[in-house]
Amino acid sequence: MTSAQEPSPELETLFNEFLDDTISEDGMRKLSAALGQSVSARSFFLRFCQLHLELVTDAEVDKLASGAIDPFCEPEDLISKSPATVIDLATGMPGQHPLLAKALGMPLAFNFRLPAVTFLVGILVAVFCYEIWLKTPRPRDTEVVDRVAPAAADAAESVGSRITPVAYLASTNGCNWGANSPLAQALGSAVNLGDEITLHEGIAEFRLSSGVSMSIEGPAALVITSPASLVLQHGKVTVHVPWAVADFRMLAGSCRINASEAEFGVRVVGDEISIHAFMGQVIASPAFEGESVDGLAAETPIRHESDLANGSEFSKVSIATGRSVALSNRNNVTKVKQWKSADFTEFSTKLPMAGGLPITSAYANVVLASKPMDYWRFERYVDDVVVNEVAEGAELKVVGDVHFVGDANNRAVELGRPGSDGFLLGNSAIDRSVGPEYSVELWLKPSHVHNGSIVSMAVQLPTEMRQRNALYLQLCGPNQTEPAHQRNRIRFLHRDPPSTNSATGTSCYARDPYLVRRWQHVAAVKDAAQMRVYIDGELVSLERDETTLASQLDLIVGQAGKFRRVHPFIGQLDELAIYDRALSQDELKFHRRAVEEHRPVRRPGDS
Amino acid sequence: MSIQHESNDARRLSDDEYVQHFNRYKKPLLRLIYCMVRNTADADDIFQQAAVTIWEKFSEFEPGTDFYSWACSIARYKVRDFLKRKARRKIFFSDDIIDQLAAEQCELGLDEARLQALIRCRQKLTPDDQTLLSECYRSGGKVVDVAKHKGCSVGAVYFNLRRIRRALLNCIDRTVTHEGFA
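Here the protein sequences line up with chains A and B, keeping their order.
Everything in the first sequence is counted per the numbering used here, starting at 1 for the first residue and increasing by one.
Everything in the second sequence is counted per the numbering used here, starting at 608 for the first residue and increasing by one.
Bear in mind the hints are in silico, worked out from the structure with no lab data behind them.
Being a predicted model, the structure only gives us computed values, none of them experimental.
Keep in mind that the hints are not guaranteed to be accurate.
[Claimed, not checked] Okay, derived cross-link-like pairs now, BS3-like style, lysine-lysine, Cα gap no bigger than 30 angstroms in a straight line:
(1) B:LYS634 with A:LYS562
(2) B:LYS664 with A:LYS30
(3) A:LYS562 with B:LYS633
(4) B:LYS749 with A:LYS30
(5) A:LYS397 with A:LYS562
(6) B:LYS731 with B:LYS691
(7) A:LYS371 with A:LYS562
(8) A:LYS30 with B:LYS634
(9) A:LYS562 with B:LYS664
(10) B:LYS749 with B:LYS731
Starting from the given sequences, assemble the full structure and let the hints guide the process.
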């Protein structure tokens, strides 16, 4: 369809402003008036909208294909206050910050409306970047390109980048990148000097051209400022600095970290910083310590843990292997909060996923004695179907790529490995015909904090639409737009009638965050009037809901929806049992104890 | 509680018909909703709700009548419901404009020829324009980020983005007219 009459330039501007969501209230009134008066204007407007939507759709498909977004949930930008967000181009405010602009190679304008604290952080970042820019020997472009991954170099060359890559993306697991992240989000993608990396969720590993390897756990944001330096704005990173890198530097909040031949982890949340030295010696110092106006550093003596007691003002200190220090910044004064042992469990990237669930047939017998309706142990699968231990129970069909891990004693299902896209689907609809009570019990080991669907029972539309959930057992992610008490928690949703409307139903959120890379026993229990969540046999959440479970529900394990990959669970699951009654706390504790009391005896050769 | 295999032939037939109709018209429906609410996330939410209602009420749809018009009326109802809730936050089109747009969108119907033309027209853009278009849309409309990445002003990005849109629209119109698809 074409229009005989073209719109005026003014009207076309309004169309564009409408599409770009920059239209003013007055513009909207003018647009409405024009559309009300003219058929050709409406025709043109509809065609414009069609074009825009097709371009939006194409972009979304591209992002989905690259694994960049979750189809139904692209969180808003997190709390990252990075150099790029501190420096806001949208304001149109005059002024340049020469240090950061020079360091990052960008012409940027300052946002004077941001809070003073953010301003200070910006200044810290700027000065640090400038210092790095001044002090870092800058290799010739060819040298750097030779040392980074070939894919990264190719990518940079193909787009004619004028900026040299300083790192490349080496691996990803369940990554949900920030929209402002310049990465192509494919393995081997190049990271250029000054690029901001924002990871909402998941784990990503980068190799810097200097040989440093770095793992980030979302939510996190950082800027790589040279092949041997970076600025961590918030979140967690672990870094391995090989012996060949003489002076690796990191700015984390108000703290500067130097390391060589070391492995360490850093966590920045608001004004709290913790540094864990896993291997080698790590030197931490206040960001400005030893700096003078003329740029010449005054030598500051390095102190030791014994010199800096808890509560003392922070100064340059050496963190020995196996030790960690927590710092707190209040009113621009950084103090030592606590010294303790370095803790691997603070960093998912340092914890192995390996480690089977020590379950024997004794546990299975205890569960079977509780008469589940369905019980999948994930020990046996035939023709892509997981066998139900209950004779009349439904089978779980393996859809896509799913792995079974473990040893002769016990096996578990592993979902969401990088590159795999599998889930499990009940091969028959579940019909509740006896009472409003039910329980779902299982063991789980999440890879990392993420938004993942563990088990859902839902009404499916016969198309690629959202499922209408009736029961949803979910790992909540770290999305900062959600209330703090919901983040990183296990959520049990019961909704009658089943719906896509998130405002309906009752949600039970566990009291504490779930553990990553550790097995935990989880049960969601619904009786006539209450919903309860138990973790390791302890009651961790309670809500009131007197509705029942709908009938004819599909059971899906490992993602939400069977037509589209939404909220994939990344980790391992085992011993999934569904009951048509409410299990008591005593029963759950009894089940939990059955694991402790009947640990398998390791035989030589067992992994 | 018991397990029942879903084997209702009548329901499955109905589902098949629904899928056939729905897949044919889902894009025009989404476009219509977007035109009314001017936000892709809101449009997607309303589209999901409309799709559920269309599926639930599909047994009421009379075979032989116009599915798209019927679905449009449901979508329009959902949009009005949404706009009532959002009215205090943002200015939207009046009911009259919505009705007019919906009616003309229904007349517009399917646009396969235009979609095919769009694919070809995109390929005719210069590499720089293709990159800019892709970056703008992949950023989710965050032109500020694109400008920062490009090292140019936000105004320059908007100017070029709008120029490219107009070029694409002209190209699509020319293509469908020339090839007799219109």
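Against the structure, the hints come out as follows:
1. B:LYS634 with A:LYS562: Roughly 21 angstroms between the alpha carbons, so the hint for LYS634 of chain B and LYS562 of chain A holds.
2. B:LYS664 with A:LYS30: violated (37 angstroms)
3. A:LYS562 with B:LYS633: holds (19 angstroms)
4. B:LYS749 with A:LYS30: Holds: LYS749 of chain B and LYS30 of chain A sit about 25 angstroms apart, inside 30 angstroms.
5. A:LYS397 with A:LYS562: Holds - the C-alpha atoms of LYS562 of chain A and LYS397 of chain A are around 12 angstroms apart, at most 30 angstroms.
6. B:LYS731 with B:LYS691: violated (43 angstroms)
7. A:LYS371 with A:LYS562: holds (28 angstroms)
8. A:LYS30 with B:LYS634: With Cα atoms ~28 angstroms apart, LYS30 of chain A and LYS634 of chain B stay inside 30 angstroms; holds.
9. A:LYS562 with B:LYS664: Status holds; Cα separation ~22 angstroms.
10. B:LYS749 with B:LYS731: holds (25 angstroms)
Checked against the numbered hints given earlier, this structure breaks hints 2 and 6; the rest are met.
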